[in-house]
Amino acid sequence: LQHFRILAFDIEVHNYRGVPRVTTDPITMISLASNYGLKKVILTKKFSGAQEFVEFVDSEMELIKRFCEIVEEESPDLLLSYNGDLFDLPYLRGRATKYKISLDLGWTKTPLKFVRRGRLSAGKFNGLLHLDLYPFVLNLLSPTLKTEVYDLSSVAQELLGEGKVEMDWEEIWKFWEEGGEKLRTLVEYSLRDSTLVCKLGEKLLPQLVELAKLVNLSLFDVSRMSYSQLAEAYLMKEVKNFKELIPNRPKKEEIQRRKEKTYLGAFVLQPSPGFYEDVVVFDFKSLYPTIIVTHNICPSTLNCGCCKGNGIETPEILRRDGKKVKYWFCKRRKGFVPSILNELIFRRGRIKEMLKSISVDDPDYKILKARDYALKTITNATYGYLGFPRARWYCLECAESITAFGRKYITEIMNEVWNSGFKVIYGDTDSIMLSFKGKSKKEVLEFLRRINDKLPGIMELELRGFFPAGIWVSKKGEVERGAKKKYALIDEDGRIIIRGFEYVRRDWANIAKETQHEVLKAVLRDRDPKKALSIVQKKIRELKEHKVPLEDVVIYTQLTKEFEEYEGLGPHVMAAKRAKDKGYWVEPGSIIKWIVTDVPGKISDKAYPYQEVKEKGLKYDPEYYINHQLLPAVQRILEVLGFGKEEILSRKQEKLGKFF
Numbered sequence: 001l002q003h004f005r006i007l008a009f010d011i012e013v014h015n016y017r018g019v020p021r022v023t024t025d026p027i028t029m030i031s032l033a034s035n036y037g038l039k040k041v042i043l044t045k046k047f048s049g050a051q052e053f054v055e056f057v058d059s060e061m062e063l064i065k066r067f068c069e070i071v072e073e074e075s076p077d078l079l080l081s082y083n084g085d086l087f088d089l090p091y092l093r094g095r096a097t098k099y100k101i102s103l104d105l106g107w108t109k110t111p112l113k114f115v116r117r118g119r120l121s122a123g124k125f126n127g128l129l130h131l132d133l134y135p136f137v138l139n140l141l142s143p144t145l146k147t148e149v150y151d152l153s154s155v156a157q158e159l160l161g162e163g164k165v166e167m168d169w170e171e172i173w174k175f176w177e178e179g180g181e182k183l184r185t186l187v188e189y190s191l192r193d194s195t196l197v198c199k200l201g202e203k204l205l206p207q208l209v210e211l212a213k214l215v216n217l218s219l220f221d222v223s224r225m226s227y228s229q230l231a232e233a234y235l236m237k238e239v240k241n242f243k244e245l246i247p248n249r250p251k252k253e254e255i256q257r258r259k260e261k262t263y264l265g266a267f268v269l270q271p272s273p274g275f276y277e278d279v280v281v282f283d284f285k286s287l288y289p290t291i292i293v294t295h296n297i298c299p300s301t302l303n304c305g306c307c308k309g310n311g312i313e314t315p316e317i318l319r320r321d322g323k324k325v326k327y328w329f330c331k332r333r334k335g336f337v338p339s340i341l342n343e344l345i346f347r348r349g350r351i352k353e354m355l356k357s358i359s360v361d362d363p364d365y366k367i368l369k370a371r372d373y374a375l376k377t378i379t380n381a382t383y384g385y386l387g388f389p390r391a392r393w394y395c396l397e398c399a400e401s402i403t404a405f406g407r408k409y410i411t412e413i414m415n416e417v418w419n420s421g422f423k424v425i426y427g428d429t430d431s432i433m434l435s436f437k438g439k440s441k442k443e444v445l446e447f448l449r450r451i452n453d454k455l456p457g458i459m460e461l462e463l464r465g466f467f468p469a470g471i472w473v474s475k476k477g478e479v480e481r482g483a484k485k486k487y488a489l490i491d492e493d494g495r496i497i498i499r500g501f502e503y504v505r506r507d508w509a510n511i512a513k514e515t516q517h518e519v520l521k522a523v524l525r526d527r528d529p530k531k532a533l534s535i536v537q538k539k540i541r542e543l544k545e546h547k548v549p550l551e552d553v554v555i556y557t558q559l560t561k562e563f564e565e566y567e568g569l570g571p572h573v574m575a576a577k578r579a580k581d582k583g584y585w586v587e588p589g590s591i592i593k594w595i596v597t598d599v600p601g602k603i604s605d606k607a608y609p610y611q612e613v614k615e616k617g618l619k620y621d622p623e624y625y626i627n628h629q630l631l632p633a634v635q636r637i638l639e640v641l642g643f644g645k646e647e648i649l650s651r652k653q654e655k656l657g658k659f660f
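If you read the sequence shown in the numbering used here, its first letter stands for residue 1, the second for the next number, and so on.
Take these hints with a grain of salt, some might be off.
Cross-link-like lysine-lysine pairs, in silico, DSBU-like; alpha carbons within 35 Å at most [said to hold, decoys possible]: (1) Lys251 / Lys65; (2) Lys324 / Lys352; (3) Lys164 / Lys376; (4) Lys561 / Lys538; (5) Lys251 / Lys203; (6) Lys146 / Lys100; (7) Lys645 / Lys614; (8) Lys124 / Lys561; (9) Lys182 / Lys376; (10) Lys369 / Lys164; (11) Lys454 / Lys531; (12) Lys237 / Lys146; (13) Lys408 / Lys326; (14) Lys251 / Lys174; (15) Lys98 / Lys146; (16) Lys199 / Lys251.
Here are the in silico distance ranges between beta carbons for each label pair [what the hints assert, rightly or not]: (17) Met354 / Glu545: 54 to 60 Å; (18) Lys46 / Lys538: 16 to 22 Å; (19) Thr262 / Lys531: 25 to 31 Å; (20) Gly421 / Ser604: 24 to 30 Å.
Just so you know, the hints here were simulated from the structure itself, not pulled from any lab data.
Each residue gets a CB set at the ideal place from its N, CA and C atoms; glycine is no exception.
Modelling step: build the complete structure from the supplied sequences, incorporating the hints.
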């Protein structure tokens, strides 16, 4: 991989409206960065004291021509972009067409073309591989990332530890107009973008290469595929070894019929809200894939004629229509899906053992980690694929059988936990969390051994870890019932693991998320409820006194449909409409940055896009952020400690007995 010549690029467009219009707004700057030392920014406006990597041209036409020349001269193996399919390349082509320039960057000298990949188009050159990293991040990496905003800066910050130089579109326009030092700053901004894309490409390329090798498809295709597409590609590659025919793609009508049928998912135990000490967490090792292999679940083995009354029978399944059903799977003949998965699981286990024996500094470590990622991705995608309406091998009976077995095993183990004298705190899909207070770690490990002795086939329960403390909060409006998928733990190294809280969601302002995180640290790490309460009360004072920076009250919300499709105009929709009226590019999928201001009216009337709040010097509404952001984020945590809303707001400190 180190021998790949990688060249990343990014374009800047001159416009004062916010939405670049390809018919009128020129490209003013193109930056390029490589993994072999090249740094270049080409622009159409001169300034004194330019950096050594800056090159000036006299017009947009020369800018585009020079970009093409550099790509041809450098002859990279990979041309990288971030959202190049949807913005940079279509815009480049549009402006190049105006000057009758052909974007024939590949060695075959055929022009750039756009090909359909799923619902979107992808920019393709013959003889030059263009990788847009954005669809890979969005489709495959996003579930593993903490950030819920997938712009270049957020993703690079998480994966590389460095982000973009933040700049709003109006600043870009103004900096260009002012020139001089401002233009110098803009040049650094542009180069930073292409440099981050290049570094991100180096980071992600091993995973992409291993996925491409596994499914026998090009990097161009794999980088733009979804989980289900990857699973199907792998099955199509392997199924020839099993004398199975590949089904046709389902037609539109069939897909619609499939979408109308759903099945019961995983079992989730309602937790009891509270603060718990001595917590242990068990996870099933690849629960659904191992269920498929162990119980031979496959479209080709479902309700086989040879094993009727004597097959591998499922638990009783309650369908959504109220009917109770059971299926069986063949005992005599191994299905192709479990056979393929068994091989993947075996290979992944072997790689994990190899990883244990080599240093992280070993060059092979990165390759093995990437291979492990590829095997894990395909393995885990297969269960969901069987229930995916667009799948060639769609099998509703298989999908609902898998989840039925999952519910069976997790409930049986919970009963074993109770019978062994442990306390079950929470159970969710493939995880069980329990308190072992009053028992030793040795007893916990002995319990785990007994469970694994009873599990069939290749199914296995693993120890995720011991945690000195954890907190589960109540369900909204129900003090006695715990919220599902919402808890925080502290591990033996002092790290805090947060699941489901506002801290890990983008649709909450930083003031709420960061305060919540500080409160959880005070509770779990410091074991200090008074400190937790005082943190909240301090933030309330700062909000009331307008001491909180605007950046910390920004709310991020994704626009999911066209304006006219919304039945009610919620605050984020109103903010989006205002942004569009000012010339911002707003469409379904756009992330709206908005603030609730202190102007009179309903919340929707008070919601303004962040940029407009800055321009007009508007102030945020303290009462909104206290009552609709800060308190909802921390109140249920403090309730577990014995503090009510009145005590939080009145600065009294009472009722600590529940915590201790």
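Hinted pair, alpha-carbon criterion (35 Å max): Lys146, Lys100. Please report holds or violated. The given pair, whose Cα atoms are some 44 Å apart, is violated under the 35 Å limit.
Verify the proposed pairing of Lys98 with Lys146, using a straight-line Cα cut of 35 Å. violated, 42 Å
Decide if the proposed pair is consistent with the structure: Lys561 and Lys538, CA atoms, cutoff 35 Å inclusive. Between Lys561 and Lys538 the Cα gap is close to 39 Å, so the pair fails against 35 Å, i.e. violated.
Between the alpha carbons of Lys251 and Lys174, is the straight-line distance 35 Å or under? Violated, at about 52 Å.
Is it true that the CA of Lys369 sits at most 35 Å from the CA of Lys164? holds, 27 Å
Please verify whether Lys182 and Lys376 have alpha carbons no more than 35 Å apart. violated, 47 Å
Holds or violated: Lys164 and Lys376, Cα atoms, limit 35 Å. Given that 35 Å is the threshold and the Cα spacing comes to 31 Å, the pair holds.
Would the hint linking Lys199 and Lys251 be met if the CA-CA limit is 35 Å? Roughly 41 Å separates the two Cα atoms, so the pair is violated.
Given a hint of 54 to 60 Å, does the C-beta separation of Met354 and Glu545 actually sit inside it? holds, 58 Å
For the pair Thr262 and Lys531, does the Cβ-Cβ distance stay inside 25 to 31 Å? 46 Å Cβ-Cβ, so the 25 to 31 Å window is violated.
Below or equal to 35 Å on CA atoms is what counts here, so check Lys645 against Lys614. holds, 32 Å
Hint check: Lys454 vs Lys531, CA-CA at most 35 Å. Holds or violated? violated, 46 Å
Violated hints for the displayed structure, listed by number in ascending order: 1, 2, 4, 5, 6, 9, 11, 14, 15, 16, 18, 19, 20.
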